[in-house]
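Residue numbers (the UniProt record's numbering), protein chains in the order written: chain X, 1 to 343; chain R, 1 to 394.
Mixed in with the good hints there might be a few duds.
Covered stretches of chain R, going by a simulated chain X footprint (3 or more residues, C-beta under 8 Å) [unchecked claim]: (1) 66-76; (2) 89-95; (3) 107-121; (4) 244-250; (5) 368-380.
Keep in mind that the hints were calculated from the coordinates and are not lab data.
Keep in mind the model is a prediction, meaning the values are calculated, not measured.
For every residue, glycine included, the Cβ atom is placed at its ideal position computed from N, Cα and C.
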Amino acid sequence: MSAARDIAVVAYARTAPGTVTGDLSEVEMVLPVLREVLGATGLTTDRVGFVCSGSCDYLAGRAFSFTMALDGVGAWPPIAESHVETDGAWALYEAWVKLLTGAADTALVYAWGKPSAGDLPEVLTRQLDPYYLAPLWPDSVSLAALQARALLDAGVTDERELAATARRARVGGPEAAEPAVLPLRRGDCPPVTDGAAAVLLAAGDTARMLCERPAWIRGIDHRTEPHALGVRDLTDAPSARLAAERAGAYDPAAAPLEVAELHAPFSSQEVLLRRALRLGEGVCVNPSGGALAADPVMATGLIRIGEAAERVRHGGARRALAHATSGPCLQQNLVAVLEGDPS
Amino acid sequence: MTHGTQRAKEPVAVVGVGQTRHAAARRDVSLAGLVREAARRALDDAALDWADIDAVVLGKAPDFFEGVMMPELYLADALGAVGKPLLRVHTAGSVGGSTALVAADLVAARVHGTVLTLAFEKQSESNAMWGLSLPVPFQQPLLAGAGGFFAPHVRAYMRRTGAPDTVGTLVAYKDRRNALRNPYAHLHEADLTLEQVRSSPMLWDPIRYSETCPSSDGACAMVLTGRTGARRAPAPPAWVHGGAMRSEPTLFAGKDAVSPRAGRDCAADVYRQAGITDPRREIDAVEIYVPFSWYEPMWLENLGFAAEGEGWKLTESGATALDGDLPVNPSGGVLSTNPIGASGMLRFAEAALQVRGHAGDHQVPQARRALGHAYGGGSQFFAMWLVGAEPPGA
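Let the sequences and hints guide you as you build the complete structure.
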């Protein structure tokens, strides 16, 4: 939906793509990106109106893992703060709502994930229906392969398009063609990446004061599909399209979309989302490399918003779309539309 | 789009409240069945149906308690959320309160008209005490459960204030008696005597068995809406007069674990929003997150109902009993019902029931303003709201 108060991304930072952090703790991973966005705006934690983060205990392997990351923020004196147990894109959404209420003028949003600590496809089986699906341990790559097979069978795509999508995302060696779970090959699947990201949001004149070219959030919305894969059309993502519509992506009066950052960990999902979101040939998709280049789970979606904002703030784009997802085979989808002031 | 202009926030009304029957193990329902029971009751209370709900905000404590990672994904269908926004919050023990506040913000910001918010825990799926005992290398061994963490803070409170060691048992006895009036409460110990509380086994000195919260299966749900929705509601709503969250780090030099500053700041913010200057006199009923009996006097001071060092006297005087002048936890509180992720929302919901006059046998007569309070982590995450029988500013 569009809002009564203008809210913008004014700063963004992420850890280097393709990193595996080994023995770094979550706090050590988060601290540099937090310092970077605060430094870029000259703010300090005690001058930020609201703080919200996204992460997941199942990646850390311990309960309340987010409480330690709070040490990276420096929550003293005490701060107005919240946390979502999902991708940081939803933390940004919660912060956006908080700014809309007028209770705060700035918000610090951050997210992190350290999937290298475990076997991610196995860990993600734990987010499936605990009675009928999780006991079968269907891993995330196999589920994505089912979806890719459905897309191929429906004639929506072919293996050549999948391979081209994978190639565009990153420089792949000969191993990219090796089978993962067919029809997906290793190049169609995300690498194991640890990482963190931070975004600073600000409202109205505060945003203009904090940076030269704010990336205004013209709309943001998220929707969910049913959980059970058997009741979904796996070749489409109607919830992503609905979120985009509600976020104003198809506003006929607006400037055309130039850039889209799609949270598609698998090449097949990028192909699906381009179609589901009706992105035309003129839209440059995933100039950052997308989730296929780096997938620090729980930060990957927030990074899409940050990267889209970067294209608006520094890349000369007038209008960009960012997408984030959560759950098996694109179950939940969030879309934000970002715009720069006319130059 | 207009620049620089800002409409006032939409007033938020609680028009539906529902909770499950709470028990040590609800083996009769799945996770979906549990949340559905609370959500359906909240919808019925508001005379609404699933189609009337614009968005769902769900909260619970650690996912390890049930062994389901991000269970909101699996629960999307049961919560009628398909095609709608579904947001998951997790702020440790305060999560039930935080979740309600996030939902309230969606209405206040006019993002959505009517929102369903729900929190749950099905603790019988695992062992919560060991779920709360972090493994090496995250923490030193033998810190068994939350009681092991909080007992030294209780001991520090007793040393600091000189409170007689009988006060904790008074709280436990009062809350368990109050629970007898609440049909949804987990513990109904009709024959419990004060002497039995006093002689119950010592678990984490000075916390005895009967001064400890149970481990429960349960869920709580509320329907929140704006002025238009409130006008259509079949029963009087509870209006949100103020709400806030505050956090501080788990451990740091100079932290006051007995009366954390984050709790004091959070209460001050809520009182400022609600125009409360003397909480003791202006608030009629209080639902505080008291998982161990001594936290009643401790939080009474932290929340400004008693001067520093005086909270235990308020408890000892009987003021916090159901027939006292500041009834605390008339529902029986966390000491009688504790599905951890839902415990905070139960405090918020019970406060709403009080000002709506819907609290049944544990109703505080003429309650016009009530406080709901939740805390979590190492006494570091706080969420509170103040609700009233009248719209804010009326």
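Against the structure, the hints:
1. 66-76: Result for this restraint: holds, n = 11.
2. 89-95: Contact hint for the stretch 89-95 of chain R vs chain X: holds, 4 residues under 8 Å.
3. 107-121: n = 4 at 8 Å, threshold three: holds.
4. 244-250: holds (count 7)
5. 368-380: The restraint on the stretch 368-380 of chain R holds, since 3 of its residues have a Cβ under 8 Å from chain X and three suffice.
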